[in-house]
Amino acid sequence: MTAEGRRRGRNETEEERADRMWGELIQEVRVAQTGVQILFGFLLTVVFQPKYGQLTPTDQAIYIVTVVLGACATGALIGPVSLHRLVSGRRVKPQAVRLASRMTLVGLALLLATMTSSLLLILRVATHDGYVPYLVAAVVAWYLLGWYGLPLWARRRYSSRSADQDGHPRLPRSPG
Numbered sequence: 000m001t002a003e004g005r006r007r008g009r010n011e012t013e014e015e016r017a018d019r020m021w022g023e024l025i026q027e028v029r030v031a032q033t034g035v036q037i038l039f040g041f042l043l044t045v046v047f048q049p050k051y052g053q054l055t056p057t058d059q060a061i062y063i064v065t066v067v068l069g070a071c072a073t074g075a076l077i078g079p080v081s082l083h084r085l086v087s088g089r090r091v092k093p094q095a096v097r098l099a100s101r102m103t104l105v106g107l108a109l110l111l112a113t114m115t116s117s118l119l120l121i122l123r124v125a126t127h128d129g130y131v132p133y134l135v136a137a138v139v140a141w142y143l144l145g146w147y148g149l150p151l152w153a154r155r156r157y158s159s160r161s162a163d164q165d166g167h168p169r170l171p172r173s174p175g
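Using numbering that gives the first Met the number 0, read the sequence shown as starting at 0 and increasing by one per residue.
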């Protein structure tokens, strides 16, 4: 096997890497944006339903917190688009990618909080049972496992000891 065949990583300039990473990030954000926008749009309609006035003060407070979290999640997940538009052509794409990545992680955390409080509110109104907090906790644990636990485990498990220029672990290429 030649040295080229054993080489890990990509042979790309910082700008090419930033372009590739930007494209990947935007695809990821599109998935999250769709979910958060649908959820937020639904939340905005709840206050106009007749049943809203019958909610307990606690449930109304949960609703208000949920709407605010949804608005913040929406802002964080749309932020990378605005960032790109405002810095486009300024030769700062690598820095913009890092900042947009952080905004996306914050947006995902806010989306998790929004989904948690939405589920809590819906189950409180639908069941009025004592098992609701446990059910919500189980769903949150599932989200944490899928959104953070498994990805962080895979990053640690499959990353080589060497890191790229930005300190991000490199994933080995699949055989073949």
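Keep in mind that the hints were calculated from the coordinates and are not lab data. Glycine included, C-beta positions come from ideal geometry on N, C-alpha and C. Hints are not guaranteed to be accurate.
[Claimed, not checked] Here are the simulated distance ranges between beta carbons: (1) 105 x 132: 24 to 30 Å; (2) 155 x 91: 29 to 35 Å; (3) 40 x 128: 26 to 32 Å; (4) 143 x 88: 37 to 43 Å; (5) 144 x 50: 20 to 26 Å; (6) 155 x 22: 24 to 30 Å.
Q) Tell me, which hint numbers fail for this structure? A) Those not satisfied come down to hint 5.
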